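Order-wise, the sequence lines are chains A and B. Going by the numbering used here, the first sequence opens with residue 3, and the numbers climb by one from there. Going by the numbering used here, the second sequence opens with residue 3, and the numbers climb by one from there.
No lab work stands behind these hints, which were simulated from the structure alone.
Since the list gives no way to pick out one identical chain from another, each pair is judged satisfied if it fits inside one copy or across any two copies.
Calculated pairs, EDC-like style, for lysine to aspartate or glutamate (alpha carbon to alpha carbon, straight line, at most 20 Å): (1) 569 with 124; (2) 427 with 410; (3) 580 with 56; (4) 60 with 522; (5) 60 with 532; (6) 569 with 56; (7) 569 with 550; (8) 60 with 92; (9) 397 with 387; (10) 60 with 550; (11) 583 with 550; (12) 133 with 276; (13) 60 with 523; (14) 580 with 21; (15) 60 with 547; (16) 323 with 550; (17) 540 with 523; (18) 379 with 344; (19) 60 with 514; (20) 264 with 167; (21) 5 with 279; (22) 106 with 279; (23) 540 with 513; (24) 583 with 69.
These figures come from a predicted structure and were not determined experimentally.
2 protein chains.
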Amino acid sequence: MRKIRLGLSQINTTVGDIDGNVRRIIEQIERAVKTGVDVLAFPELTITGYPPEDLLFKPHFIQRNIEALSTIASHVPDNLMVVVGFVDEEGDIYNGAAVLHDGKVVGKYHKNYLPNYGVFDEMRYFQHGDKALVVSFKGMKIGITICEDIWYPGGPARTEALVGDAEIIINISASPYYMGKLSWRERMLSVRANDNLAAVAYVNCVGGQDELAFDGASLVIKENGEVIARAKQFEEDFLIADIDLVSIDKARLRDPRRRQDKHNLDERTINELEVLDIDFKYTEHKPRIDQRIETALPKAAEVYHALVLNTRDYITKNGMKKAVIGLSGGMDSSLVACIAVDALGKDNVIGVSMPGPFSSEHSKEDARLLSENLGIKYLTIPILDVYEKYLDTFKPIFGELPFDTTEENLQARIRGVILMALSNKFGWIVLTTGNKSESSTGYSTLYGDTAGGYAVIKDVYKTLVYELAEYVNEKAGKEIIPRRVFEKAPSAELRENQTDQDKLPPYPVLDEILRMYVEEDYSVQDIIAEGFDEETVKRVAWMVDVNEYKRRQTPPGPKITPRAFGKDRRLPITNAFKEWKKS
Amino acid sequence: MRKIRLGLSQINTTVGDIDGNVRRIIEQIERAVKTGVDVLAFPELTITGYPPEDLLFKPHFIQRNIEALSTIASHVPDNLMVVVGFVDEEGDIYNGAAVLHDGKVVGKYHKNYLPNYGVFDEMRYFQHGDKALVVSFKGMKIGITICEDIWYPGGPARTEALVGDAEIIINISASPYYMGKLSWRERMLSVRANDNLAAVAYVNCVGGQDELAFDGASLVIKENGEVIARAKQFEEDFLIADIDLVSIDKARLRDPRRRQDKHNLDERTINELEVLDIDFKYTEHKPRIDQRIETALPKAAEVYHALVLNTRDYITKNGMKKAVIGLSGGMDSSLVACIAVDALGKDNVIGVSMPGPFSSEHSKEDARLLSENLGIKYLTIPILDVYEKYLDTFKPIFGELPFDTTEENLQARIRGVILMALSNKFGWIVLTTGNKSESSTGYSTLYGDTAGGYAVIKDVYKTLVYELAEYVNEKAGKEIIPRRVFEKAPSAELRENQTDQDKLPPYPVLDEILRMYVEEDYSVQDIIAEGFDEETVKRVAWMVDVNEYKRRQTPPGPKITPRAFGKDRRLPITNAFKEWKKS
Chain A
3 MRKIRLGLSQ INTTVGDIDG NVRRIIEQIE RAVKTGVDVL AFPELTITGY
53 PPEDLLFKPH FIQRNIEALS TIASHVPDNL MVVVGFVDEE GDIYNGAAVL
103 HDGKVVGKYH KNYLPNYGVF DEMRYFQHGD KALVVSFKGM KIGITICEDI
153 WYPGGPARTE ALVGDAEIII NISASPYYMG KLSWRERMLS VRANDNLAAV
203 AYVNCVGGQD ELAFDGASLV IKENGEVIAR AKQFEEDFLI ADIDLVSIDK
253 ARLRDPRRRQ DKHNLDERTI NELEVLDIDF KYTEHKPRID QRIETALPKA
303 AEVYHALVLN TRDYITKNGM KKAVIGLSGG MDSSLVACIA VDALGKDNVI
353 GVSMPGPFSS EHSKEDARLL SENLGIKYLT IPILDVYEKY LDTFKPIFGE
403 LPFDTTEENL QARIRGVILM ALSNKFGWIV LTTGNKSESS TGYSTLYGDT
453 AGGYAVIKDV YKTLVYELAE YVNEKAGKEI IPRRVFEKAP SAELRENQTD
503 QDKLPPYPVL DEILRMYVEE DYSVQDIIAE GFDEETVKRV AWMVDVNEYK
553 RRQTPPGPKI TPRAFGKDRR LPITNAFKEW KKS
Chain B
3 MRKIRLGLSQ INTTVGDIDG NVRRIIEQIE RAVKTGVDVL AFPELTITGY
53 PPEDLLFKPH FIQRNIEALS TIASHVPDNL MVVVGFVDEE GDIYNGAAVL
103 HDGKVVGKYH KNYLPNYGVF DEMRYFQHGD KALVVSFKGM KIGITICEDI
153 WYPGGPARTE ALVGDAEIII NISASPYYMG KLSWRERMLS VRANDNLAAV
203 AYVNCVGGQD ELAFDGASLV IKENGEVIAR AKQFEEDFLI ADIDLVSIDK
253 ARLRDPRRRQ DKHNLDERTI NELEVLDIDF KYTEHKPRID QRIETALPKA
303 AEVYHALVLN TRDYITKNGM KKAVIGLSGG MDSSLVACIA VDALGKDNVI
353 GVSMPGPFSS EHSKEDARLL SENLGIKYLT IPILDVYEKY LDTFKPIFGE
403 LPFDTTEENL QARIRGVILM ALSNKFGWIV LTTGNKSESS TGYSTLYGDT
453 AGGYAVIKDV YKTLVYELAE YVNEKAGKEI IPRRVFEKAP SAELRENQTD
503 QDKLPPYPVL DEILRMYVEE DYSVQDIIAE GFDEETVKRV AWMVDVNEYK
553 RRQTPPGPKI TPRAFGKDRR LPITNAFKEW KKS
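Here chain A stands alone, though its shape is the one from the complex:
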């Protein structure tokens, strides 16, 4: 029999929760046994959760994770091989994959390529491995890799397939989500499978961890590049797929590239190979399975699910339950309220209207209407009295100085103080509602509308906020966010007849400039050369640069673009590279 049943266990681990993660892993092992799985794989650093960051500097943390590995191994029978992610310690520490079989740790693999870009800092912690690993039983050969390893065209996967004749490459992964990453990842893995004439079994974790969402969507890909199984996005899942090795044998007879490549193997690019034979009790008669290819979500749904997952996990993994949101009647807070309800349930979301001296009637109505549509608790706390008392207090200092951003910020800060008081008194987490267009340009009040525990849409440009809002109403099949909210001009309502476009260019223009400047490292001159107005580009670049200090003090929030503010973009605050100053 040349057939292997793979199980990919796409679980939602919690960073640092070694006991909880182990319990979850053992449950999954039991499930695999029941379904006749031969080889079960878990995501990268399953035992510790990903990324453990500086927990990796604690020797007692490493030790607990190694003890946990033995516990897990003791649950693995002789007709199952398990690949699980852990931190190995052999003088240095390694990002490792353990091969478990018949109650024991029978093999170990160390990640070869350590990502140290974007949100990743793995060179801060780990020694890199330099060996490839093939596990073999009954003449069937399985190569092991970890995440980044397979993003390189050469490296251990290639060694395993070409030198070790591996027919299946397992990749255990923790791949943070951003918009559109799934399709790129599938394309890449599909090419790797075909280049190596090997099946690729890719298991990704799922869940939110501070600013990162892991999107799941684990995959099994045939040697011809075809996706034959895909797990759910943004949910735990257990994916099973049967791999027909005879199909791989045939491809290797037919395809000349493999033979050519074997001739051209270059000592410098090929890793040392370790081959591990295990005495495997192969289960001949397996129960029938339902091999699924889950449909990939379209863009708005994908982003929305990421935001919901991250928000839910941040709140619940940190031991909280209820969230409070200041509802202005505008689009941002409306969307955040919808996400919160999907993340926590309507009984756990509280909307607060805090009308001020410049709030319009329609804003108050739209906030109330949204709350009714969502079925959430709704409070009204006017700020006027406190606002006037502050003005009285400042009178001896400010004298007759004119109204300016001071008084605008004051209103926003009173609202921040009110929400934080509710948070302190009732234990609700405050969700902030600023979007990426705002946080990029600093169009926000520090300690005002930026005050809170989680910034749900901080990486979502305003134009995308509208798309997500349309998705919310579509998904519900009715108007959750009132139509008027889509139609009115965005405004902070902090002074008479204010709109966002008093200070900012129209959002479609702004967002395009921001994408180039913030995410793509375009120079100011290059953006102008793309046909944008010079003064506008310079003003936007100036706003982005001088507001770095503000972003450093805002709460965490989900990354959904290729480059989010935070670990992903590390610019100095003190920075005299002022492109907007040059003529």
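Dock chain B against the given chain A, drawing on the hints supplied.
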């Protein structure tokens, strides 16, 4: 003549300010020429400033730095060799040192060892070099290294000295300050000099960059390990020293280690060596110089100078001038006011007393007295009216719920709002006054006392705060901080008869536990084993862990310990590794 005159140009560059840094470099070249310097060295990444962080992702930034290098080279005459730090681009980018002579770039060295720990992320950006470089003229040989390179016992410095026979090793550096680093650095460099029987010329930059202070204290060390010149700490300086190469010749004849070592050279540990001969017009008759060994500052003075430098540079490099501080009459705000006055001058510091319902008479008096002693502007803005108006506003929601931290935080937040309003109206930066004991334990109010632009003593434990305060009065030779402030029990005065020790253990105990837990990665059990009370240790560890979210939203501030919060300590917020829960 076997003698070389070295110039070490310890300048305060600004990150991103390529034009400004170039101007500064050219001035120093002119100065070197006047003083008969043969070899002039600048700190690491002189042209871009250090650390440029993600500016390194901008190709136009790299390009401007390379253009700047040519400009600098054109100012170098034929009787001077200059070593300057820049970003090199040869396919990949490198942390580079250029050798300039007679109007041209005559050689380049690429940093071999890229630091990627603590506050460093250099593997995020650079390719590492793998060659050593020796520059030779008139039979005299000089090896080039960059910062981290010389912290390894082998590497390029050893290759240059043993294989290339370099008699002087230049190390251009950007070494962030922490307490006591100078003495450790000198010890290490002294051993390197003696191990290699070569003089070491170490040039460090000086200045504040966001959370980092660079402390200068550039050094020249003889081949016998003796420091023969030391520049000032925390100030720009131009250090000149003459190196007698005959003394090195003699040491190499006498000391058998060098001959033994040459036998034992291992291909794997020795770098490829590049040797560069330059046609140098050696200046035979040089003006006399005053070779200085500046006295190293004692601990309190050293830390105080670091805080002053960082505060001044953060404020002025970001284009601000005046600072406002909420003065409570307590020790922390008193110390911060003193630092601010030394950083900015008394006319640029404004103290604000904001008495509340629980403020004591002595607090108000002590704040006023401090302001008088410092000669700063002093405002009083009472918070009681606004506080009561908030309580009225919350009445319909809170009903008869008892007074708790909500009302305490409310007072702190009103003060935060007031300071921020002053900041907005007058352009003053708010300096926050929380210390490391507080930020570690979360004994602070987010958006309250943590609200501001720069957190001057965020990395200073409370016990050290008292030492620095004593230093302030000693330095002044009179009472600047009133004696009563030293004597009274620390209190936030947010409820009746409150003291810090209601919630925290005594500061000497707390600070010791924090040092072990935060900086040294002790486990909770290990700290208990050091003789500390179990319940206290667990409570402190719990406070540290659950307040990670708060620290993420606080302003930047100077790093003065080996591990500060910030880039230096990257723990997840969502973190279920709860040692304080285990029995």
